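Engineer: Here is how the chains run, residue by residue.
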Amino acid sequence: MAVGMAVVLSACGGAEEAVKVKDTLVVGQGADAKTLDPHATNDQPSSRVAVQIYSQLVETDKDMNIVPGLAESWKSLDDKTTQFVLRKGVKFHNGEELKASDVKFTLEAMIASPTVAHIVSAIDSVDIVDEYTVNVITKEPFGPLLYHLTHTAASILNEKAVKAAGDAYGQQPVGTGPYQFVDWAVGDRITLKAFDDYYGGKQAIPNVVFRNIPEGTNRAIALETGEIDIGYDLEPIDKDTVRNKENLALVEEESFSVAYLGFNTQKAPFDNVKVRQAISYAINADDIVEAVLMGAGAPSSSPIGPKVFGYNPEIDRYQQNFDKARELLAEAGLPDGFKTTIWTNDNPTRVQIAQVLQAQLRQIGIDMSIEVVEWGAFLDGTSRGNHDMFILGWVTVTGDADYGLYALFNSATHGGAGNRSFYSNAEVDQLLNQARTSIDAAERKELYGKVQVILQNEVPTFSIYDQYQNIGIQKNVLGFSMAPAGHHKLRGVSFAG
Amino acid sequence: MHRFILKRLLLLIPVLLGVSLLVFAIMSFTPGDPAQLILGENAPAEAVAELREEMGLNDPFVLRYAHFVGNAVTGDLGQSYTSGRDVFDEIFSRFPNTLILAALGVLIAVVIGIPIGIISATRQYSMIDSGSMIFALLGVSMPNFWLGLMMILLFAVNLGWVPSGGYSSWSSLIMPAITLGTGSAAIITRMTRSSMLEVIRQDYIRTARAKGVAENVVINRHALKNALIPVITVIGLQFGMLLGGAVLTETVFSWPGVGRMMVDAIRQKDTPTVLGAVVFLATTFSLVNLFVDLLYGFVDPRIKSQYA
Chain C
1 MAVGMAVVLS ACGGAEEAVK VKDTLVVGQG ADAKTLDPHA TNDQPSSRVA
51 VQIYSQLVET DKDMNIVPGL AESWKSLDDK TTQFVLRKGV KFHNGEELKA
101 SDVKFTLEAM IASPTVAHIV SAIDSVDIVD EYTVNVITKE PFGPLLYHLT
151 HTAASILNEK AVKAAGDAYG QQPVGTGPYQ FVDWAVGDRI TLKAFDDYYG
201 GKQAIPNVVF RNIPEGTNRA IALETGEIDI GYDLEPIDKD TVRNKENLAL
251 VEEESFSVAY LGFNTQKAPF DNVKVRQAIS YAINADDIVE AVLMGAGAPS
301 SSPIGPKVFG YNPEIDRYQQ NFDKARELLA EAGLPDGFKT TIWTNDNPTR
351 VQIAQVLQAQ LRQIGIDMSI EVVEWGAFLD GTSRGNHDMF ILGWVTVTGD
401 ADYGLYALFN SATHGGAGNR SFYSNAEVDQ LLNQARTSID AAERKELYGK
451 VQVILQNEVP TFSIYDQYQN IGIQKNVLGF SMAPAGHHKL RGVSFAG
Chain S
1 MHRFILKRLL LLIPVLLGVS LLVFAIMSFT PGDPAQLILG ENAPAEAVAE
51 LREEMGLNDP FVLRYAHFVG NAVTGDLGQS YTSGRDVFDE IFSRFPNTLI
101 LAALGVLIAV VIGIPIGIIS ATRQYSMIDS GSMIFALLGV SMPNFWLGLM
151 MILLFAVNLG WVPSGGYSSW SSLIMPAITL GTGSAAIITR MTRSSMLEVI
201 RQDYIRTARA KGVAENVVIN RHALKNALIP VITVIGLQFG MLLGGAVLTE
251 TVFSWPGVGR MMVDAIRQKD TPTVLGAVVF LATTFSLVNL FVDLLYGFVD
301 PRIKSQYA
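So the sequence lines, in the order shown, correspond to chains C and S.
Under the working numbering, the letters of the first sequence match residues 1 to 497, in that order.
Under the working numbering, the letters of the second sequence match residues 1 to 308, in that order.
The shape of chain S in the complex, shown without the other chains (with noise of 0.2 Å):
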């Protein structure tokens, strides 16, 4: 267990170099003066190439990213080249907002999606099924964009019932997490009713019925442990996504979080915290799936002989 652990935990490094670098390359090699950009349109050009020298610009690209990854181990994510922040520091002050925007939405998902799922797959082809298909499909297609400003439309412009952005108190957490909630709920529900049903023919769910076992316990006892693990592999992946790609949402409701930042820092080629921020959701993503893949064993004994 201990050995797969740190297994998984040694792959990271070369995804981590391999994101970097990516973002690295791509963010060197489109045009831009990161110098000028810090001095203004207005700095003399002395100044300008001085800055670039001490900050290395004119070294080799190689060179260069050996200096970003030697000062990134050593947590020194460099500092934020519009507003001289740490970027460590920046990540760390809005990543507590992106978690729990997060949390909350894949929660909502969670309890609507999981139930429903269940109830559509043992009354396949009724009238909650058909109903609760229909809402996944309209979950799935419908931009989040679009329903967080229909949202605001009606619950913050004509019933004002909660502000319409920012984040000034739990009731500021309602409507973005239900927009981000709303999407990964319908795919939930899918993913619940599917595997739901493939478990509920297999011949170990009949002989629990010819024993007579009550329906309930059956549906939550026999069947519904096994039909979680595709589940939990899609809330995890989800609850990743909503942790790095909240960007709509965030800007939708001018929410302070880690996406939205590092869209602003991809306009003004804020390399460093561009880098930062996409090294610090790729390790969050890969962490959660780590955990995900933990929570497997749990759930089903078998993957956790796996491990050892």
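Chain C extracted, bound-state conformation (with noise of 0.2 Å):
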């Protein structure tokens, strides 16, 4: 009887909460945001709610194709000038009338910041042709360039508010999203309202609020109770629980998030292509998915996962195969193995996969000690490839192959700028140089198509798993969609009822 009684109490108390929410939808996350300016940081909790107060010149749709977002429209003058045309009328929180004069300013400014500056490094120059036109001008020619535009930290600031706010811009940001920030309680939450004069029509919902809820079980709880209706990043452990809750929803599905092992490709005996492929053909990825996430992601073969645009949906993973991978090592000239290291940092699902690969390796004979080693450290250790193996994962951030690839595979990018496997191969280079300055998209799409099919031969890195993300939401929400990013826009999600 007493458990009766505390379902209806509970049941009367969930309903109580539900009525009084009706204007605000209230969203837990792990993490507090750290600045709302988006040239100060680039990190997840941040963007998550940037992105709800900021809107970019253009916009990728479901299918990762480029929209027009605060740009009506866009052409290619030549290879490396693209011509932007504004939409007229829109209005930034403060009032003021969006004018080319913010783009050149807000792409300038990004280009001086030195924590967001590699997401435009390839644009020269921005010049204002009207009020409502402006051109971006790049180095050389750019085809990834509209994805770059994608990105929240490419969001587009007000001149005037930044100036006038100076270093409090962070703590008061203004911009032309469908959100208006109201107040910042640090550590606890920030509400933001919906902006009247929104480009794309005023929200359904009028209150919006990030709460920062760092334990995941704390914010499985808050949406058992109503407190919250979206719960961002739910642990493994809690995901049971909210699909069999009748009111609530899991939502998971994949991210631009690869996790992946690195080799060092200039060290014996990872020089010799054939003993990549013996730890590859030793490995099985789905044990790790099953073992390590719990299922929150799928055996990769691509270093980018299949939402970004230049995915190469036709290559086959390495299934495991113990014989062919002691034969492979028997033709490198070591059929008895050998002994090796691998560094992953403290992050415990990286120490966890270190110790699956560990047994995996030694069924071919191969003695692998695992070395955590510390954030700051590994960076800079592989940097310098002072590395045997490694695990590490990449956020192709911008949805566009480019940023997954260029930097992880081109000889130019050795060390800290991304290639830690310290990979050099002259004719994915020439693919990945020739796909970056390419426009036109169908060409891009076949030569990335290519350069993964090197990649998946050759492994320079062995692509693990790609990376599930998922939410927890109230059924009575209506019209949220993930993004493989991780920043959620709220726009157009309502309430039922």
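In short, the hints are calculated from the structure, not lab data.
The model shown is predicted, which means the values in this text are computed figures rather than measured ones.
From the three backbone atoms N, C-alpha and C, an ideal C-beta is built for every residue, glycine too.
Certain hints may be false.
Stretches of chain C that chain S covers, calculated by requiring three or more beta carbons in the stretch to come under 8 Å of a beta carbon on chain S [claimed, not checked]:
# : stretch
1 : 162-171
2 : 187-199
3 : 374-384
4 : 391-400
When the alpha-carbon atoms are kept at most 20 Å apart in a straight line, the in silico EDC-like pairs for lysine to aspartate or glutamate are as follows [as the list claims (entries may be wrong)]:
#  : chain 1 : residue 1 : chain 2 : residue 2
5  : C       : Lys34     : S       : Asp33
6  : C       : Lys34     : S       : Asp89
7  : S       : Lys269    : C       : Glu331
8  : C       : Lys267    : C       : Glu331
9  : C       : Lys34     : S       : Asp86
10 : S       : Lys269    : C       : Asp346
11 : S       : Lys269    : C       : Asp380
12 : C       : Lys80     : C       : Asp440
13 : C       : Lys475    : C       : Glu252
14 : S       : Lys269    : C       : Asp271
15 : C       : Lys339    : C       : Glu371
Computed spacing ranges between beta-carbons, pair by pair [claimed, not checked]:
#  : chain 1 : residue 1 : chain 2 : residue 2 : range
16 : S       : Val111    : C       : Ser494    : 43 to 49 Å
17 : C       : Ser494    : S       : Pro96     : 31 to 37 Å
18 : S       : Ile13     : C       : Asp183    : 37 to 43 Å
19 : C       : Asn247    : S       : Leu138    : 32 to 38 Å
20 : S       : Pro115    : C       : Asn247    : 53 to 59 Å
Two chains, two separate frames, one set of hints: put the complex together.
Structural biologist: So this is what it looks like as structure tokens:
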């Protein structure tokens, strides 16, 4: 009877809560934002709030096609110049109208910011043609430009607001997005309200609150009690609880994030492609996904995720085959295996992956010891090439293959710039450069397809899995869709009934 | 009296210097580059080097520490590496949350602990005494976070009476305050009981009883005042500890307090915030202790006379 009463009481509590929060959408995430100045940070919790406040020149749709944002149209004037025509009458939250000068100001400020400059490093200059037209000129022809401009860091700022606020801008952001900033209780919550003059129309839900709930289990509990409407990044252990609740749903989708095992391809024995292939045949990625991720991922066959533009879906992944692996090792002159080390940072998931890999490689005689290295030292050591093998992840944040493949596999980016496997292949270099400088989408897609075939064969890095991301959501919240980059837009979300 | 306070305040200086030096050294000698941290993984090496120079990270350790102390005495604790906000502002925006939680926790502890302690002492070995000692043992040995989680499960999830976390209204305070208060209540109960037992065996109590003074007057007026001195020390210490050490409770209840801020900052190697928080908490702790010492004087005039 006590249980019965508790159920009745909790049902009452839930219903009451739902009536109260109807005009406010509450989102729980695992950390507070650092700053809402998109040029000052590039971290996920900040971007997830900022993306509601700002808009970009162009955006991507659900299938990763480029669609108009603040720019209603654009065209290539020549292979280095893209002309953007801005929507007229777009208002910033401070009442200012969006002008070409704001775009120029934003992109130039971005280039000057060490935190986010890498996203627009291809841009040489920004020219104002008239009040609503702006030319973006790249140093070299740069195919992925539009994808780079969809990044939250490329959100268009209001020159006047930024200059007026000075150092405090990150705490009083002004954008053109669907929601405007209201209040920030540091460490606890950020409150936003719908912007009446949003160019895409006023939002159905008047208020949005981002709550900082660091413990995953607490986010699941807050979903259960109805205190939050959407909870980001639930723990594997809580997923079933959410899935089994009548009024809750669990959404799980691929992200842009791929976890990989890297080899130092300039160091013996990993300079031998057969050794890398042998290791690839010794690995069973399904085990890793099951045991370590509890199913929150899918074994991968490419360094970029399936949602990224340029992904090649026709590549087979390595299937575990110890005989084949031993054969390849013997061909490489190492029939009895060898001793080596793997580096990982103290991220518990990566440490566990290393342990599974250790057990699997032992089967073909490779005696791999695990070294857990502090993050700073990890980045430093792998950029110098002090390592044998390492575990790392890569998030193709722009959603374009260039961002994922160029940095990781071009011989020009050895070390800290991204190519920590020190891979060099003239053909790959040539294909990557060609794809980067082409502005023909179909051609680029084909070129990236070829690169991925070569990479899967030569395995400078073994792509272990595509990481899923999840959210828990109240079933009365409609119209929510996930962004593979992780900063989900709440635009267009409404309550049922 | 004034001299005593002044002396104690002056003693704060070496304490704070010691604490900050220790923390500064730990944060400096652990691996990880603050400049890289601020600019992010993708920042070009030149920009990182430039920022290192600008931040004075290339200076010798002693110089950097002196620089920190020099700024700190003017109230400038620097800016957070992660948010860029003033550390001083950040601490003070969160401190009210920590203070209210700690105050309420101690209040609960006192309201529960002292009466139960007195009753236990006056009825030693009775059922009430055994019962309250079992409660006290449970309270002391039960981990805070576990109690917190169990309460969330019962009162937030199953019963839906109070919010499970965050700080949205006064009802958000109930569970974290009880969680914090339980441990302290147990300690205060035990302290009150043993101190009371000691006092009521003394001659002057027997004299008072012999004079025919009513039992409740004997306990409340004659015994309690003397028995309270060690209890006040414990309450003061508990309050100081709750101000600085409520990290687990703050985490379990997503409470935006100073303790959690400090832990987050340690994880992110945000040295200015860690230093600021530690210095601030050390100061608060010392001041609470000073206040407790002054309070003795009011409870026990013999101690007051020693201040001069």
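Engineer: Next pair to validate is C:Lys34 with S:Asp86; report whether the Cα-Cα distance is within 20 Å.
Structural biologist: 13 Å, holds
Engineer: Tell me if the straight-line CA distance from S:Lys269 to C:Asp346 falls inside 20 Å.
Structural biologist: 15 Å, holds
Engineer: Check, residue by residue, whether the stretch 162-171 of chain C contains three or more positions whose beta-carbon lies closer than 8 Å to a beta-carbon of chain S, and give the verdict.
Structural biologist: holds (count 3)
Engineer: Taking the Cβ atom of C:Asn247 and the Cβ atom of S:Leu138, is their distance within the range 32 to 38 Å?
Structural biologist: 36 Å, holds
Engineer: Honestly, do S:Ile13 and C:Asp183 meet the 37 to 43 Å range at C-beta?
Structural biologist: 38 Å, holds
Engineer: Residue count check for the stretch 374-384 of chain C against chain S: does it reach three with CB-CB under 8 Å?
Structural biologist: holds (count 5)
Engineer: Just to be careful, I want the Cα atoms of C:Lys80 and C:Asp440 compared with a cutoff of 20 Å; is the pair within it?
Structural biologist: 13 Å, holds
Engineer: Mind checking the hinted window 53 to 59 Å against the Cβ distance between S:Pro115 and C:Asn247?
Structural biologist: 44 Å, violated
Engineer: For C:Lys34 and S:Asp33, compute the direct alpha-carbon distance and say whether it is at most 20 Å.
Structural biologist: Distance ~18 Å between C:Lys34 and S:Asp33 Cα, so the pair holds.
Engineer: Using the beta carbons of C:Ser494 and S:Pro96, state whether their distance is inside 31 to 37 Å or not.
Structural biologist: 36 Å, holds
Engineer: Given the hinted pair C:Lys475 and C:Glu252, is their Cα-Cα distance within 20 Å?
Structural biologist: 15 Å, holds
Engineer: Is S:Lys269 within 20 Å of C:Asp271, Cα to Cα?
Structural biologist: Measuring from Cα to Cα gives roughly 36 Å; hence the hint is violated.
Checked against the numbered hints listed earlier, the structure breaks hints 4, 7, 14, 20; every other hint is satisfied.
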